[in-house]
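*Asks:* With the sequences and hints as input, model every part of the structure.
2 protein chains.
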Amino acid sequence: MTSRAEAADMPNDQTETPDRLRRRASRLLSLISAQSDRLVSEGLGRLDARKWHYAVLASLQEYGPDSQATLSRRTGIYRSDMVGVLNELAERDFIERAPDPEDRRRNVITITTQGRQHLRRLDKILDDLHDELLAPLTSAEREQFTQTLTRLLDHHTRQAPHPPIS
Amino acid sequence: MTSRAEAADMPNDQTETPDRLRRRASRLLSLISAQSDRLVSEGLGRLDARKWHYAVLASLQEYGPDSQATLSRRTGIYRSDMVGVLNELAERDFIERAPDPEDRRRNVITITTQGRQHLRRLDKILDDLHDELLAPLTSAEREQFTQTLTRLLDHHTRQAPHPPIS
DNA sequence: AGTACATCGTTAGTGGGGCTAACGCAACAG
DNA sequence: CTGTTGCGTTAGCCCCACTAACGATGTACT
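Protein chains in written order, with full-length UniProt numbering: chain A, 1 to 166; chain B, 1 to 166.
I should point out that these hints are in silico values taken from the structure, not numbers from a laboratory.
Some clues are possibly wrong.
[What the hints assert, rightly or not] Label-pair distances were calculated between CB atoms; the ranges are: (1) R22/A <-> S41/B: 18 to 24 Å; (2) T138/B <-> D103/A: 32 to 38 Å; (3) E62/A <-> R120/B: 20 to 26 Å; (4) A135/A <-> D123/B: 28 to 34 Å; (5) Q144/A <-> D123/B: 25 to 31 Å; (6) G45/B <-> P136/A: 33 to 39 Å; (7) N87/B <-> A90/A: 42 to 48 Å; (8) R50/B <-> A135/A: 28 to 34 Å; (9) S139/A <-> G45/B: 54 to 60 Å; (10) P65/A <-> Q61/B: 44 to 50 Å; (11) R50/B <-> Q147/A: 31 to 37 Å; (12) R120/B <-> R79/A: 23 to 29 Å; (13) T110/B <-> A135/A: 39 to 45 Å; (14) A135/B <-> R79/A: 27 to 33 Å.
[Said to hold, decoys possible] Interface residues of chain A toward chain B, partial, derived using beta-carbon atoms under 8 Å: (15) T15; (16) A25; (17) A58; (18) S59; (19) E62; (20) F145; (21) T150; (22) L153.
The beta carbon of each residue, even a glycine, is placed where N, CA and C say it ideally should be.
*Replies:* Below you can see the structure in the form of structure tokens.
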């Protein structure tokens, strides 16, 4: 629910956090997710990359050239934000944007050789970061942890609108 | 790492998400945390409350009156944001702010009777929301899940600056 | 007593992420 | 040929985590 980073200003004496807060799964998730985000952003930042870059490159690598809209669906990045991400990737020559001759509404996005290289570097970094993130867990526990997360996620994404039939 | 909500505009055919993405714990955490946040915000919103309200009230309930700075440390809310939160809570008569006679820099924050009532309602709502959030898990699994989260969190909060001694 | 430093509450502002709205254009279905 | 749907793009909103700086007060040191 909250961060635990210590502001330069606001020194961390260890004042106790109330029990109800400490136990809430929502709060734990929020804090760890924040920590994970920090780790990832910082790590990728060292390669002048952001997590969206990874998502897009990974998607292109795995499924080949795609339209922006499809990429958007695969990665979960909003169409509106995809524009900027692709601009950044194009600047760095990791992708190419070309109009689709078969459907002139579309852009076809292709990963370049340098893009593939970059992706490999990112993958390496992410592996390391995950090692840090999950450091206290044995590899069996890690496996089980991500499985649990996946189950939760599945439950909540299938659980779409599901409007009462009435 | 990304959201999965489907924009009204951008319909969700089920386009597949690349494997590397689906497996990354950081992404799973991010998505579930987002979902959890949505659930919580929406649920508390129904009582015209926000998660910070809960954090502050719970803290006051458990430790009694405190200064803003201490509350800030307990809850993880930044001193700068605490101001606004306390304003909202004071508007609703859930807390009272009074200058500390013993240290004129401080405000002493006290929870009111109505604040306690409100806290009880919030607790109830959060319990329900967590039921929904963790629905696919058995109670043993929930227990273990939160324990794992706690372990992870502990690891990363103890792991403070810890600068190389060199 | 005087000076340096820390802490307190507060205001302002930054940057990113998630998300909505609306637009012009192209494709397609009737 | 008309209405609908999908596309890429621009703009903007709100929330959250976080930083910076300020004036006022308290504490410690000499």
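*Asks:* Would you mind marking each hint as holding or not holding in the structure?
*Replies:* Each hint, compared with the structure:
1. R22/A <-> S41/B: 18 to 24 Å: 20 Å, holds
2. T138/B <-> D103/A: 32 to 38 Å: Violated, at about 48 Å.
3. E62/A <-> R120/B: 20 to 26 Å: 50 Å, violated
4. A135/A <-> D123/B: 28 to 34 Å: 33 Å, holds
5. Q144/A <-> D123/B: 25 to 31 Å: Hint holds: Cβ distance 30 Å, inside 25 to 31 Å.
6. G45/B <-> P136/A: 33 to 39 Å: Since G45/B and P136/A have Cβ atoms about 35 Å apart, the given range 33 to 39 Å holds.
7. N87/B <-> A90/A: 42 to 48 Å: 45 Å, holds
8. R50/B <-> A135/A: 28 to 34 Å: 33 Å, holds
9. S139/A <-> G45/B: 54 to 60 Å: For S139/A and G45/B the Cβ distance comes to about 40 Å; the hint is violated.
10. P65/A <-> Q61/B: 44 to 50 Å: 57 Å, violated
11. R50/B <-> Q147/A: 31 to 37 Å: 32 Å, holds
12. R120/B <-> R79/A: 23 to 29 Å: Distance hint for R120/B, R79/A is violated at roughly 43 Å.
13. T110/B <-> A135/A: 39 to 45 Å: 41 Å, holds
14. A135/B <-> R79/A: 27 to 33 Å: This hint holds: roughly 31 Å between Cβ atoms.
15. T15: 4 Å, holds
16. A25: 5 Å, holds
17. A58: 5 Å, holds
18. S59: Since the shortest Cβ distance to chain B is 5 Å, the answer is holds.
19. E62: 4 Å, holds
20. F145: 6 Å, holds
21. T150: Hint on T150/A: holds, closest Cβ of chain B at ~6 Å, below 8 Å.
22. L153: This hint holds: L153/A lies near chain B, its Cβ roughly 6 Å from the closest one there, short of 8 Å.
In terms of the numbered hints stated before, the structure departs from hints 2, 3, 9, 10, 12, listed from lowest to highest.
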